[in-house]
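2 protein chains.
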Amino acid sequence: MEKIDIKTLYDDSAKFEGKEISVAGWVKTVRSSKYFGFIELSDGTSFKGLQIVFENTLDNFSRVEKLNTGSSISVEGVFVNTPESKQPFELKAKKVNIICATDETYPLQKKGHSIEFLREIAYLRPRTNTFQAVFRIRSVAAMAIHTYFQQNGYLYVHTPLLTCADCEGSDQMFKVTTLDMNNLPKDKDGKVDYTKDLFGKLAFITGSGQLHGEAFALAFGKIYTFGPTFRTENSNTKIHANEFWMIEPEIAFCDINGLMDIEEDMLKFVVKYVMDRCPNELAFCDKFIQHGLLDKLNTLLKSKFTRITHHEVIDLLKASKNKWEFEPDYEGDIAKEHEKYITDYFNGPVFITDWPKDIKAYYMKLNPDGKTVAGVDLVLPQAGELIGGSQREDDYDKLVARMEEMGVDRKSIEWYVNLRKFGGCVHSGFGMGFERLIIYLTGMENIRDVIPFPRTPNNCEY
Amino acid sequence: MEKIDIKTLYDDSAKFEGKEISVAGWVKTVRSSKYFGFIELSDGTSFKGLQIVFENTLDNFSRVEKLNTGSSISVEGVFVNTPESKQPFELKAKKVNIICATDETYPLQKKGHSIEFLREIAYLRPRTNTFQAVFRIRSVAAMAIHTYFQQNGYLYVHTPLLTCADCEGSDQMFKVTTLDMNNLPKDKDGKVDYTKDLFGKLAFITGSGQLHGEAFALAFGKIYTFGPTFRTENSNTKIHANEFWMIEPEIAFCDINGLMDIEEDMLKFVVKYVMDRCPNELAFCDKFIQHGLLDKLNTLLKSKFTRITHHEVIDLLKASKNKWEFEPDYEGDIAKEHEKYITDYFNGPVFITDWPKDIKAYYMKLNPDGKTVAGVDLVLPQAGELIGGSQREDDYDKLVARMEEMGVDRKSIEWYVNLRKFGGCVHSGFGMGFERLIIYLTGMENIRDVIPFPRTPNNCEY
Numbered sequence: 268m269e270k271i272d273i274k275t276l277y278d279d280s281a282k283f284e285g286k287e288i289s290v291a292g293w294v295k296t297v298r299s300s301k302y303f304g305f306i307e308l309s310d311g312t313s314f315k316g317l318q319i320v321f322e323n324t325l326d327n328f329s330r331v332e333k334l335n336t337g338s339s340i341s342v343e344g345v346f347v348n349t350p351e352s353k354q355p356f357e358l359k360a361k362k363v364n365i366i367c368a369t370d371e372t373y374p375l376q377k378k379g380h381s382i383e384f385l386r387e388i389a390y391l392r393p394r395t396n397t398f399q400a401v402f403r404i405r406s407v408a409a410m411a412i413h414t415y416f417q418q419n420g421y422l423y424v425h426t427p428l429l430t431c432a433d434c435e436g437s438d439q440m441f442k443v444t445t446l447d448m449n450n451l452p453k454d455k456d457g458k459v460d461y462t463k464d465l466f467g468k469l470a471f472i473t474g475s476g477q478l479h480g481e482a483f484a485l486a487f488g489k490i491y492t493f494g495p496t497f498r499t500e501n502s503n504t505k506i507h508a509n510e511f512w513m514i515e516p517e518i519a520f521c522d523i524n525g526l527m528d529i530e531e532d533m534l535k536f537v538v539k540y541v542m543d544r545c546p547n548e549l550a551f552c553d554k555f556i557q558h559g560l561l562d563k564l565n566t567l568l569k570s571k572f573t574r575i576t577h578h579e580v581i582d583l584l585k586a587s588k589n590k591w592e593f594e595p596d597y598e599g600d601i602a603k604e605h606e607k608y609i610t611d612y613f614n615g616p617v618f619i620t621d622w623p624k625d626i627k628a629y630y631m632k633l634n635p636d637g638k639t640v641a642g643v644d645l646v647l648p649q650a651g652e653l654i655g656g657s658q659r660e661d662d663y664d665k666l667v668a669r670m671e672e673m674g675v676d677r678k679s680i681e682w683y684v685n686l687r688k689f690g691g692c693v694h695s696g697f698g699m700g701f702e703r704l705i706i707y708l709t710g711m712e713n714i715r716d717v718i719p720f721p722r723t724p725n726n727c728e729y
Numbered sequence: 268m269e270k271i272d273i274k275t276l277y278d279d280s281a282k283f284e285g286k287e288i289s290v291a292g293w294v295k296t297v298r299s300s301k302y303f304g305f306i307e308l309s310d311g312t313s314f315k316g317l318q319i320v321f322e323n324t325l326d327n328f329s330r331v332e333k334l335n336t337g338s339s340i341s342v343e344g345v346f347v348n349t350p351e352s353k354q355p356f357e358l359k360a361k362k363v364n365i366i367c368a369t370d371e372t373y374p375l376q377k378k379g380h381s382i383e384f385l386r387e388i389a390y391l392r393p394r395t396n397t398f399q400a401v402f403r404i405r406s407v408a409a410m411a412i413h414t415y416f417q418q419n420g421y422l423y424v425h426t427p428l429l430t431c432a433d434c435e436g437s438d439q440m441f442k443v444t445t446l447d448m449n450n451l452p453k454d455k456d457g458k459v460d461y462t463k464d465l466f467g468k469l470a471f472i473t474g475s476g477q478l479h480g481e482a483f484a485l486a487f488g489k490i491y492t493f494g495p496t497f498r499t500e501n502s503n504t505k506i507h508a509n510e511f512w513m514i515e516p517e518i519a520f521c522d523i524n525g526l527m528d529i530e531e532d533m534l535k536f537v538v539k540y541v542m543d544r545c546p547n548e549l550a551f552c553d554k555f556i557q558h559g560l561l562d563k564l565n566t567l568l569k570s571k572f573t574r575i576t577h578h579e580v581i582d583l584l585k586a587s588k589n590k591w592e593f594e595p596d597y598e599g600d601i602a603k604e605h606e607k608y609i610t611d612y613f614n615g616p617v618f619i620t621d622w623p624k625d626i627k628a629y630y631m632k633l634n635p636d637g638k639t640v641a642g643v644d645l646v647l648p649q650a651g652e653l654i655g656g657s658q659r660e661d662d663y664d665k666l667v668a669r670m671e672e673m674g675v676d677r678k679s680i681e682w683y684v685n686l687r688k689f690g691g692c693v694h695s696g697f698g699m700g701f702e703r704l705i706i707y708l709t710g711m712e713n714i715r716d717v718i719p720f721p722r723t724p725n726n727c728e729y
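Residue numbers (my numbering), protein chains in the order written: chain A, 268 to 729; chain B, 268 to 729.
Misleading hints may appear alongside valid ones.
Any copy, or any two copies together, can satisfy a pair, since identical chains are not distinguished.
[Said to hold, decoys possible] With a straight-line cut-off of 30 Å between C-alpha atoms, the simulated DSS-like cross-links for lysine-lysine are:
1. 563 - 315
2. 458 - 282
3. 463 - 453
4. 295 - 688
5. 535 - 282
6. 359 - 539
7. 362 - 505
8. 678 - 688
9. 571 - 270
10. 315 - 362
11. 468 - 453
12. 688 - 333
13. 333 - 665
Bear in mind the hints are in silico, worked out from the structure with no lab data behind them.
Let the hints inform the model, and build the full structure from the sequences given.
Okay, structure coming up:
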């Protein structure tokens, strides 16, 4: 008898009416009386489980009625739609095969567990309702992103993670080596002799695929990356992890205004896609994780995103009567409290453009004022910054001057600079931290709870 | 005037008949006479370019007719379908705006270049026909994989790359550190003091997400990973790279036979998906890269994959009259020459199952004979091994015994072993190297030519 996924039963329950089917999964709960009992079974393919009804005519009734949470079983029985009851259908068991029964040592008992405790059992937490919801939303959101970009003619590029260019600042990158660290070869100056290493020089894992993405955008017109990135940042906050996933699209013949159009369009597409496909998961998150989540997402879909310059933002902040912890500054960054004020003020998402050049990266297009760059941050109500992007400096001489000004070593990325000579053009791109998006979509508070096996300082378990 | 992608013109040329449109891209070729000329323009969104017709009434006619390959331009003009000519349509230019003209220093001139030369200019080679075809096929194949698994109810899991478990054999993994390698902290025994490192211990980048994938399969039923993996292998072959992408599905309540069904179904889906969406790219590959490529792919779609045990394969090899470089061995691996013989013999793809346990990994299910394991390699005609998979050992005691036998340190992956106690079940999974698939789909010979920026020993440029 072919095993049927519970998802398939929800997708087309009429088709299975009265049929003998087989299912397999894990026990969530068991209730029983003298003559019969109920099992709620999850097989992980559907957020909602399947109700199994079993009677004391089963050979192993006494063992089945004592099954503990987390036990794996397979069941053969007759599928019946039950439109008059609480659950839409059930399976009347003819046979319950106990595969692996858990006992009282099983860490996930019926009772609720704190999110901190669950973090410590990262290999089991995907079995709980919360993480069933979060990680399914994560999976569907990833597919939403691929779907959006592929439908719109973007090329998916796997930019390299290993790099020997340290232009990002090598202190923010993990060093990577095949050398015996207890017995490092040394050169004549007593320094590590990396010519003996696999790549013949010091290598890193990168924090961005942007530079390589630009090279591909200038060949394929529109590209995106979607892969893991790494930061060595030693900070224990709710929003920092040392390994996370990032999406970095890059678009040729596109200026900062076109870029904002794309960001807004993409974000709405992704939110809608996830809402269409994860109604049960989002309803759960709305109820148990962040009240108002569905309202927040529905509001986003209807919002027109505001576009405002950094200078205008500072004007607004200064004009308000708020007491700021961080004084608004025309030359400075925008703090969390400022972001909140601005999104409240406009009652929706806000693109902040034209940032002071000294607080932004060398590759951002210098504006005609010589003081600001064509960078843009997207700030969302309740969530803060989700996306950072910019029009890129496409003028060879200006790029070289900015790199010199900011002390960026050009030697290892001469090819990147040369892209400006060889058919260069106006082009723009952005980076979106995938975990920030998942935090936004689920209402979870801590980045550790939206990554399957998070890596943070002093925490690389599992 | 809105810029139109050339792909959009090919998708619906009738819609644009007689319309004024704007396009932007890079010059492939220019031909001109006294009164008019032709530009073949590529914008990267389509394998086929757009023909621009320009006349000497243009202000900048003399500059336009001298444009070199690779120059970026934008063009405004009238779109006309030309069903009677070689190309299906053309753009009659009213205005040609030269954005960035290349000169004779541009490394990609009109003439053909050797694949080895192009490898040295990895940032420009995506602009050539060959790499336009290869990298678009790569992108579409990636989407095919996501589509297959998501449509079939699999969860996409981002397993971690950073790990502190060295069960794979730490000599095959890159070490990762934030320590100053020229000034390493030492413990009292004079060894590197990794407690000072970011994670408080020695960390690696992993070569597989399988173990984490299994934990998620035992919660979500069916999962897949798709991400970069790393090997330190110091070998300069056509099929080895130090960084590559891998797909690792894992399925609960699925034995080795179910696994082979999935592999066959997935592979045919992916090939069909790419053939449907990349006809021009594949036709190019068939013509210039591997003659017979399309036949090969069409044949695969119609093949029924053979299933045969390792023992039976050795029987066949021994019974043949071939002179073998490597003598077939019931206890040994299967060499390239053997793979070729077997796929020729069955005239199609072959699953080889039930391998001698000593040459396979500890996590493969031990068969009742106590000598073989339920592993399976998929071998394709002309391509060799594409996929390796197995039913996993789900018996706690047997797994522990195998780990001891093979000297695998259990301490750091106790959680993995415990999955067998906590609702364990029959489960199976496989790993497919994405680059092997792209080599198969494009006919390219060298892994360096299917990866955007390949990393191989002594080669980490760009």
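Structure-based check of each hint:
1. 563 - 315: within (24 Å within a copy, 44 Å between copies)
2. 458 - 282: neither (71 Å within a copy, 66 Å between copies)
3. 463 - 453: both (9 Å within a copy, 22 Å between copies)
4. 295 - 688: between (62 Å within a copy, 16 Å between copies)
5. 535 - 282: Between copies, since 27 Å is at most 30 Å while 34 Å is not.
6. 359 - 539: neither (37 Å within a copy, 40 Å between copies)
7. 362 - 505: For residue 362 and residue 505, neither the intra-copy (47 Å) nor the inter-copy (53 Å) Cα distance is at most 30 Å.
8. 678 - 688: The answer is within: 16 Å in one copy meets 30 Å, while 55 Å across copies does not.
9. 571 - 270: Answer is between; shortest inter-copy Cα gap is 23 Å, intra-copy 47 Å.
10. 315 - 362: Within one copy, since 22 Å is at most 30 Å while 60 Å is not.
11. 468 - 453: both (13 Å within a copy, 24 Å between copies)
12. 688 - 333: Result: close only across copies, 17 Å inter versus 73 Å intra.
13. 333 - 665: between (74 Å within a copy, 27 Å between copies)
The structure does not agree with the numbered hints 2, 6, 7 stated previously, though it agrees with the rest.
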